[in-house]
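Chains as they are written, first to last, in UniProt numbering: chain A, 1 to 468; chain B, 1 to 226.
Quick caveat, the hints were computed from the structure, so don't treat them as lab data.
Take these hints with a grain of salt, some might be off.
[Said to hold, decoys possible] Straight-line distance between alpha carbons at most 27 Å, and here's what the computed DSSO-like set of lysine-lysine pairs gives: (1) B:135 x A:43; (2) B:90 x B:131; (3) A:137 x A:273; (4) A:133 x A:279; (5) A:77 x B:153; (6) A:77 x A:300; (7) B:131 x A:43; (8) B:67 x B:211; (9) A:310 x A:300; (10) A:206 x B:167; (11) A:188 x A:12; (12) B:135 x A:34; (13) A:385 x A:360; (14) B:153 x B:60; (15) A:62 x B:90; (16) B:90 x A:77; (17) A:77 x A:299; (18) B:90 x A:63; (19) B:217 x B:45; (20) B:168 x A:206; (21) B:217 x A:77; (22) A:206 x B:164; (23) A:206 x B:135; (24) B:131 x A:77; (25) B:45 x B:90; (26) A:34 x B:131; (27) A:206 x B:120; (28) B:211 x B:73; (29) A:437 x A:360.
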Amino acid sequence: MEERAISSEHLKFLLSGKLLLRQEIPLDEILFQKLLQQQIIRKAGSIVQKGFSNQCLRCGNKKTSLFATIPCGTCSKTHLYCRNCIAMGRVMECEPLYEWHGESVSWPNHLEPCTWQGQLTLVQEQAANRIIKAIRKEEKELLVWAVCGAGKTEMLFPGITAALESGLRICIATPRADVVRELLPRLKKAFENVTVEALYGGSPTKAGTAQLILATTHQLLRFKQAFDVIIIDEVDAFPYHNDASLPFAANRAKKKRCTTIYLTATPRREHRKRIQQKKLEQVFVPIRFHGQPLPVPQKKICFSLKKDLKKFLPPKEFFTWIPNRKNPARQLLIFVPTIALAENMHSIMRRYLVGMNFLKNEKEMAFVHAEDPNREEKVLLFREKKIQVLLTTTILERGVTFPSVDVAIIDSGHKVFDEAALVQIAGRAGRSPNDPKGEVLFFHDGKSDAMEEAILSIKQMNRRGGFK
Amino acid sequence: MECLWCMEEIIVEISWINLFQVERQVALCSRCNEQLEKITGARCKHCSRQSTQDICPDCKWWKSQEKGDPLEKNFSIFHYNDFMQAIIAKWKYRGDYVLGEIFEQELFQACNEQFKFLMKEAVVVPIPLSKERSKERCFNQAAMLAGFIPMEKRNILSRIHGEKQSKKTRRERISATNPFFMSESLNKPVLLVDDIYTTGTTLRHAASLLKANGSHKVYALTLVRG
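Generate the whole structure from the sequences, applying the supplied hints.
Pasting the structure below:
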């Protein structure tokens, strides 16, 4: 009897606020059926017909091409399954989703949970206070527009503290697993006595039972009416921005009264429009935490760029810039538009740079891209300054901090470099208070609208921060 | 129409050849299709492994066994490269059933080229899943592949539940006991169908059981040579 009581207490944490497939519920069939009979666990629709189309109720997918049929071995019928969210386990027409209708969890009110010792700057503190107010007053939405390097994570700590003090459940969701892994130790250190759980594809825990959860936005597909506060980091980033199922899931993961806080350095048009129409509250943080302005990119036109790129050569102008950099001690972060270009240009550029005596040997340069299994390792080597030059695709455009780098974008007019990407990339430079300047160069063969807009927007942000 | 793998729109160029044809289904876009790597050139005549020898050392070993090699021949179509590995993982383990359709044409063609002589008399037998695994996955990938072959199909094999083959080491696989059983006899040649040939042990377990139950010749057609 004793054992049952404990496990049912645990079950409450495991299942409340979730929307799960049968195989995601770790209960034997007998107990599961009993809870189903007692209506403690209830069935919910999985794939339903809506008008002329179908909808997967876990991910919201309505696209006909993202449904397929399967002759099901269990019920010997052919029916639909959802291909859109299949990486999280297959949702089938014949199998319901399950949700908890038992006793709900009451989360503890923590007393002074924040163990962070640092100090916020004045502007950071203003934003932090605005976040606290939004949470306390149960405001629906707040957008925090903070320039790259403003110290967004630290600005969240007072808000999270306030939420934990009033017994609220919080989720910080971010589009990329890399960022979850980077944030986890910082968050654990800032809230030493609170359990922080990280969820992402391949994370060591999958349970999702903590009061403070750090997750990729994909993981929200398993939640329903779970959180009092949702913080969506990098709301303008891929894939959150491109995949309608992620906002769908985030929306469902909110409790009825929930505060959503969006973080971004580069808000997309739809958010800016809602701000202008006064439909979305915002707080703007125009100054980096070290109080210096954002580096403004310089354009360098390269007339033979297309011809050079065909041979995977960096443009001539790039090599003239190298010896003339203002601070040669800085490391070099170079962005190219495609994986193929990164791979092929890497060996050529490496040879040239060694030939110019810029690098001591070829080992001081590396390249990374999204499918590179050694990505984390190479980024770490660069951070430790064991590599001097890192060639990358847009995968490193955000969420990573290197203290002292110059940034070059080769073929910055390419369509993968939209305004947001360019502003983010430029924001990699000058991150450290010891070297707040950093150069940013756009090598192009005809400027794009995105380049113009990015430069304009950086200048505007600097002006709003009180710089000339 | 979208590519089954990358979901990008496939644009079929209209030419005089396809102008009056009913739209033919293409499963993959050309960029994804290029990443599938067919086995070409010299191969072991017995197991399809890429090899300059006519019969590879592994197959010689199988032949030297006490009872000889129960399998006449295996033919595989593709190499097991990273792309194939990703497709198989999503298809088989995630259960994205429709991905199997990528292989329909190739399987049909390979069967026509390699096993034409069997067409009249042989039956196709897919390697089965255990009941438990079948319940978990809802479909058998080997049976799906067998479905693309224009021959009589019979599910006469059953399988005892055990650990996944992919979780075992080479030695564990080769020395494993036969997981199959069958309750009827069959005195016809058999073409076994499975997704991957790795060590060939699974296929040989099935083959020796079929031979013990009346079939005198057993062949195999597999999608991938691991």
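Right, here's what the structure says about each hint:
1. A C-alpha spacing of about 20 Å is found between residue 135 (chain B) and residue 43 (chain A), which places the hinted pair at or below 27 Å, so the restraint holds.
2. Under the criterion of a C-alpha separation no larger than 27 Å, the hint pairing residue 90 (chain B) with residue 131 (chain B) is consistent with the structure, at around 21 Å.
3. The suggested pairing of residue 137 (chain A) with residue 273 (chain A) holds, with an alpha-carbon distance near 24 Å, which does not exceed 27 Å.
4. Of the pairs offered as hints, the one joining residue 133 (chain A) and residue 279 (chain A) holds, with about 18 Å between alpha carbons and a cut-off of 27 Å not exceeded.
5. With a C-alpha separation of about 20 Å, the suggested pairing of residue 77 (chain A) with residue 153 (chain B) holds against the 27 Å cut-off.
6. Restraint check for residue 77 (chain A) and residue 300 (chain A): not satisfied, since their Cα atoms lie roughly 63 Å apart, outside the 27 Å limit.
7. Taken as a hint, the residue 131 (chain B) and residue 43 (chain A) pair is honoured in the structure, with Cα atoms around 26 Å apart against an allowance of 27 Å.
8. Of the supplied pair hints, the one linking residue 67 (chain B) and residue 211 (chain B) holds, its CA atoms being roughly 11 Å apart against a limit of 27 Å.
9. Taking the CA atoms of residue 310 (chain A) and residue 300 (chain A), the gap is about 19 Å. The hint holds against a cut of 27 Å.
10. Pair hint residue 206 (chain A) plus residue 167 (chain B) holds up; C-alpha atoms about 22 Å apart against a cutoff of 27 Å.
11. Between residue 188 (chain A) and residue 12 (chain A) the CA atoms are separated by roughly 24 Å; this keeps the pair inside 27 Å, and the hint holds.
12. Proposed proximity of residue 135 (chain B) and residue 34 (chain A) is supported: the alpha carbons are some 22 Å apart, at most 27 Å.
13. For a cut-off of 27 Å, the pair hint linking residue 385 (chain A) to residue 360 (chain A) stands: about 13 Å separates their Cα positions.
14. Using a Cα cut-off of 27 Å, the hinted pair residue 153 (chain B) and residue 60 (chain B) is violated, with the two alpha carbons roughly 31 Å apart.
15. For a cut-off of 27 Å, the pair hint linking residue 62 (chain A) to residue 90 (chain B) stands: about 21 Å separates their Cα positions.
16. At most 27 Å may separate the alpha-carbon atoms for a hinted pair to count; residue 90 (chain B) and residue 77 (chain A) meet this at roughly 22 Å.
17. For the hint pairing residue 77 (chain A) with residue 299 (chain A), the CA-to-CA distance comes to about 61 Å; that exceeds 27 Å, so the pair is violated.
18. A threshold of 27 Å between alpha carbons decides the hint, and for residue 90 (chain B) with residue 63 (chain A) the separation of about 20 Å falls inside it, so the pair holds.
19. In summary, the hint linking residue 217 (chain B) to residue 45 (chain B) is supported, as the alpha carbons are separated by about 16 Å, within the 27 Å threshold.
20. Proposed proximity of residue 168 (chain B) and residue 206 (chain A) is supported: the alpha carbons are some 25 Å apart, at most 27 Å.
21. For the hint pairing residue 217 (chain B) with residue 77 (chain A), the CA-to-CA distance comes to about 35 Å; that exceeds 27 Å, so the pair is violated.
22. Taking the CA atoms of residue 206 (chain A) and residue 164 (chain B), the gap is near 23 Å; set against the 27 Å cutoff, the hint holds.
23. For the suggested pair residue 206 (chain A) and residue 135 (chain B), the alpha carbons sit about 23 Å apart, so the restraint of at most 27 Å is met.
24. At roughly 17 Å between alpha-carbon atoms, residue 131 (chain B) and residue 77 (chain A) fall within 27 Å of each other, so this suggested pair holds.
25. Restraint check: the Cα-Cα separation between residue 45 (chain B) and residue 90 (chain B) comes to about 31 Å, which exceeds 27 Å; the hinted pair is violated.
26. Between residue 34 (chain A) and residue 131 (chain B) the alpha-carbon distance is near 25 Å, which keeps this suggested pair within the 27 Å criterion.
27. With a C-alpha separation of about 53 Å, the suggested pair residue 206 (chain A) and residue 120 (chain B) falls outside the 27 Å cut-off, and the hint is violated.
28. About 14 Å separates the Cα atoms of residue 211 (chain B) and residue 73 (chain B), which keeps this hinted pair within 27 Å; it holds.
29. Restraint check for residue 437 (chain A) and residue 360 (chain A): satisfied, since their Cα atoms lie roughly 25 Å apart, inside the 27 Å limit.
In this structure, the hints that do not hold are numbers 6, 14, 17, 21, 25, 27, in rising order.
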